[in-house]
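What follows is the residue order along each chain.
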Amino acid sequence: MIDVIVIGAGPAGLAGAISCAENGLKVTVIDEFVRPGGRLLGQLHQEPSGEWWNGIKESEHLHNEAQKQSIDIRCGVSVYNLEKDEDAWNVHTNIGTLTAPYVLVATGAAEFPIPVPGWTLPGVMSVGAAQVMTNVHRVEVGKKGIIIGANILAFAILNELQLAGINVERIVLPEKSPLSKNAGEPEVVMKSLLNAAHLAPSPILRFGSSFMKNEGFRKLGMKFFPKSGVKVNGTPLQLRKAALEILGKDQVEGVLTADIDVNGNVIKGTEKVYEADFVCIAGGLYPLAELTAVAGCPFKYVPELGGHVPHHSEKMETPLEGLFVAGNITGIESGKIAMAQGTTAGISIAKHAGKGSTDINEKLEQAMKNVHTVRQNAAIQFNPEVANGRRKIYELWDVFYGKEQDTLQEIG
Amino acid sequence: MNNKEALVICRCEEVTYGQVFATAKEHKCTSRELKLRTRAGMGFCGGRTCRVMVDRIIESIVPNTEEGDIPLKYQPPIRPVTFGTVGENHE
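Top line first, the protein sequences correspond to chains A and B. Just so you know, my numbering puts the end of the first sequence at 434, numbered straight through with nothing missing. Just so you know, my numbering puts the end of the second sequence at 92, numbered straight through with nothing missing.
I should point out that these hints are in silico values taken from the structure, not numbers from a laboratory. Owing to the predicted nature of the structure, the values given are computational and were not obtained by experimental measurement. Be aware that one or more of the hints could be misleading.
[Unchecked claim] Below, a list of computed lysine-lysine pairs in the DSSO-like style, where the Cα atoms sit at most 27 Å apart:
(1) B/26 to A/241
(2) A/290 to B/5
(3) A/337 to A/322
(4) B/29 to A/166
(5) A/245 to B/26
(6) A/271 to A/241
(7) A/294 to A/241
(8) B/5 to B/29
(9) A/48 to A/106
(10) A/271 to B/26
(11) A/249 to B/29
(12) B/5 to A/106
[What the hints assert, rightly or not] Footprint (simulated), chain B over chain A, 3 or more residues, beta carbon under 8 Å:
(13) 95 to 103
(14) 311 to 319
Think of the CB as a built atom: it goes at the ideal place given N, C-alpha and C, for glycine as much as any other residue.
Modelling step: build the complete structure from the supplied sequences, incorporating the hints.
This is the structure we're talking about:
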C-alpha cells in the first residue's frame with residue numbers, strides 16, 4: 023500500500039516526499055524525466071553572497087535524503103490522467119495505474135512559446151531546452167546563438183550558456199504581435215527588467231538600474247536606447263531590435279531583424295540579417311497545471327503567479343480531498359521556494375493522514391513561515407508582485423473554503 | 002501567402018497562423034470552436050505547444066475576452082499514450 027504518490031521529482035516533489043516519509047508515510051515519486059531533480063538539474067548561478075547555487079548538487083542531496091527514507095522513485099514515467107474513486111486517487115501512467123489516498127502534484131512549469139517565422143527549423147529551441155542540453159546533457163547547442171525574448175529566465179540561462187563557453191551574440195525582442203504580446207514592446211520589457219534589477223543576483227541583471235524608474239525618463243531612455251544595445255555580461259541586449267524571421271535552408275543560418283520604436287513597431291528600411299547557428303526563444307514560464315485540471319480542481323487566473331493556478335491554501339491543500347500541490351504549479355518562483363513549499367505540503371499531508379507527532383501543527387506553522395522567509399531572501403523574483411499574487415490566492419481560499427476547513431478541524 | 006501567414010502554429014497538424022487567424026476573424030468563436038474548425042491543438046501532442054497561441058489569437062480578435070477566462074479545457078490523456086496502455090494492457 024502506498025500512502026502518497028508524488029508527481030514530479032523536482033525540488034518541490036522531492037522535498038514533499040521527504041517530509042511525508044519523515045512523518046511516517048509510505049511514498050512513491052514518479053517523474054517523466056530519466057533522472058530525478060527536475061529543473062534543479064539545469065541551474066547554476068552565483069548568489070549575492072558569492073556562494074554558488076549548483077542545482078545538480080542540490081538535486082543529488084535531495085535524492086540521497088529520499089533514498090535514506092526508502093522513498094520509491096520511478097523515473098521515465100508519464101502520468102496521463104488523474105481521477106478519484108470513493109476513497110483513493112488513481113494515477114494513470116504509462117506503466118499502469120497507481121493508487122493512493124493522497125497525491126501531491128508538483129509538476130512545475132512550462133515555457134510560453136513565441137512563434138517566429140522559421141521557428142520549425144533545426145537549431146531553434148526554447149531557452150529552457152538550451153539550458154537542459156548544456157547543463158544536463160552537456161551537449162553544445164551551437165557556436166553562435168541569438169536569444170529572442172528578454173526576461174529573467176533568458177538572462178539566467180544566458181549566464182549559464184556563457185559559463186559553459188557557448189557564444190550568445192545578442193538578445194533581441196520578438197516582433198510585436200498578438201502572439202508575443204508584451205514581450206515585443208520595449209518599454210514594457212524595460213519596466214519588467216527594472217523591477218527585477220534591485221533583486222538581481224549578479225551585475226548582469228543590474229544594468230537596468232542605470233535607467234530611471236520614472237515613466238517619463240524610461241520612455242526617454244528607451245527612445246535613446248543604443249542601437250548596439252546594452253551589454254549584459256558581454257552580450258548585447260538590443261531592446262530596440264525585433265526578430266522578424268529565422269532564416270535557413272535545412273537549419274538555422276541567421277535571423278532577420280529590424281529596428282523598432284519604443285512601442286515595438288517595426289521601422290521600415292532598417293532590416294538587417296545576423297548570422298547564427300542556433301536560436302533560443304525565451305517566452306517565460308507558466309504553471310503546468312493540466313493534471314489538477316483533469317482531476318477537477320477549480321482555477322484562478324493570477325498574472326503575478328504566471329497564469330492559471332489551481333485553488334490552494336497556504337497549507338498546500340486543494341479543494342479536492344487528498345489532493346495537494348507544491349512548487350511552480352502554484353506560481354512561478356525559485357527552486358528554493360519550491361522546496362519550502364514541498365516541505366509544507368508533506369507536513370500538511372501527514373497531518374491530514376493523522377500521522378506525525380503531537381507537534382505536527384507547530385511544524386506546519388514553521389514550514390509555512392519558512393516559505394515567507396525564503397521568499398524575502400530570494401535573489402531572483404520572476405515577478406516582483408509575487409507576494410501579492412500569493413496573498414490573492416490565499417484570500418480566495420479563505421472566502422471559498424475557509425469556513426469548511428474550520429468546521430472540519432472542529433470535528434476532527 | 003507571406004511569411005507571417007505561413008508561420009506554423011500547430012506543428013502536429015501543420016496549421017498556420019494565417020489559417021487560425023482567418024478562422025477566428027470569420028467566426029469570432031471560442032477557443033474550443035477554433036480548435037475544432039482548424040485542428041490546431043488536436044494532434045499527437047494534445048496541444049501542449051499551441052494552446053496558448055490559440056487562446057491568444059481569440060483574445061486578440063474576439064471582443065471582451067481576456068486571457069483569464071478563455072483557456073481550453075484539459076482532458077485526458079494529457080500525454081501521448083498507446084491504445085494498449087489506455088486499455089490496461091501493460092505487457
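query = Honestly, which of those hints from before does the structure not fit?
reply = 1, 4, 5, 6, 10, 11, 12
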